[in-house]
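Asker: Sequence:
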Amino acid sequence: MGHSHIVSIINHKGGVGKTSTVVNLAAGLARFDKRVLVVDLDTQMNLTHSLIGDLPEEVPCIADVMIKNPIAISEIIKATPIANVDIAPSGESMVNLELELHSAIDRERRLMRAFSTPELQKYDFILIDNAPHIGLATINSLMASHFFMVPVSAEYLPLVGLKHLIRTIDQIAPYHPSLQNLGYLLTMVDRREGISTVVEKILRETFQTQVFETIVRINTKIKSCPQKKQTIFDVESARGKGHEDYLNVAKEFLQRVETSRGY
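In the working numbering, the protein residues as written are 891 to 1153.
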């Protein structure tokens, strides 16, 4: 690839599978020989905990890159247990990021500037895990991205929250007209529950081809992965439903990027 494809994984609602999607999508892309950098922009630091554990307080993280210009993003990147997947981790200074950004010059483009280094061109994809609310960190993520992707769990409340997310994207559009919607990914689908069918029907009728054909079925093994610093590909065989689902998500993700490369 000529440059990295940067994708914000985003939803106003928590508990919809954003972090699980970032981890397992990255692992799936790595299985297709793609190099991936994942970026933890969530103050909860779930992505960092899931892949490398707690970051010592004195070790700089992505917040320090965005606040303190002398720190380059290449200085904080760390390897993960997943081959071909690295992480720009979150740390304790994330707590102050929003406050620091409020008084910063060019505050909405700090992450974009951090990504401008040629050293990141070795990655095929940069996936950004965002907090379940819209703040300056999330706006930085969207402004730095070529695409955004929205995991939506098969429940009623996350569906309601989508209108707020769409309103935010609409507000950003005049400042970043090339930002593209890669699609809505339905997660935590349980065919035994009627709400899953209802939510999928509403999503597909409302957003049509913007909804991933692939769905991610509910799977208790996915929930156990963070504690073990593993992905679904580590804990399931190729016949496992989670293994199959996220491999298919990675395939469809690649197809959608390939057909949307006009940015």
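Hints were generated in silico from the structure; no laboratory data involved.
It is possible that part of the hints are untrue.
If you anchor each label on the Cβ, the simulated ranges turn out as follows [claimed, not checked]:
1) Arg1057 <-> Gly905: 29 to 37 Å
2) Val985 <-> Lys1012: 24 to 32 Å
3) His893 <-> Ala1063: 18 to 26 Å
4) Lys1111 <-> Glu1083: 12 to 20 Å
5) Arg1129 <-> Ile995: 34 to 42 Å
6) Ser1114 <-> Glu947: 43 to 51 Å
7) Thr1096 <-> His992: 28 to 36 Å
8) Asp923 <-> His1054: 21 to 29 Å
9) Glu965 <-> Glu1095: 42 to 50 Å
10) Pro971 <-> Pro946: 25 to 33 Å
11) Gly905 <-> Glu1103: 35 to 43 Å
12) Phe1097 <-> Gly1025: 34 to 42 Å
13) Phe922 <-> Asp1080: 36 to 44 Å
When the alpha-carbon atoms are kept at most 20 Å apart in a straight line, the in silico EDC-like pairs for lysine to aspartate or glutamate are as follows [what the hints assert, rightly or not]:
14) Lys1012 <-> Glu947
15) Lys1053 <-> Glu1095
16) Lys1118 <-> Glu1142
17) Lys1053 <-> Asp1080
18) Lys968 <-> Glu948
19) Lys1091 <-> Asp1124
20) Lys1111 <-> Glu1095
21) Lys1091 <-> Glu1126
22) Lys1091 <-> Asp1080
23) Lys1141 <-> Glu1045
24) Lys968 <-> Glu990
25) Lys1141 <-> Glu1126
26) Lys1113 <-> Glu1095
27) Lys1141 <-> Glu1083
28) Lys958 <-> Asp1014
29) Lys1131 <-> Glu1095
30) Lys1113 <-> Glu1009
31) Lys1119 <-> Glu1045
32) Lys968 <-> Glu1009
33) Lys1111 <-> Asp1060
34) Lys1141 <-> Glu947
35) Lys968 <-> Glu947
36) Lys1119 <-> Asp944
37) Lys968 <-> Asp996
38) Lys1118 <-> Glu1009
39) Lys924 <-> Glu1090
40) Lys924 <-> Asp1080
Cβ atoms here follow ideal geometry from the backbone N, Cα and C, with glycine treated the same way.
Asker: Hint by hint, where does the structure go against what was stated? Just the numbers, ascending.
Answerer: Of the numbered hints, 1, 5, 6, 8, 10, 11, 12, 13, 14, 16, 17, 19, 20, 21, 23, 24, 26, 27, 28, 29, 30, 31, 33, 34, 37, 38, 39 and 40 do not hold.
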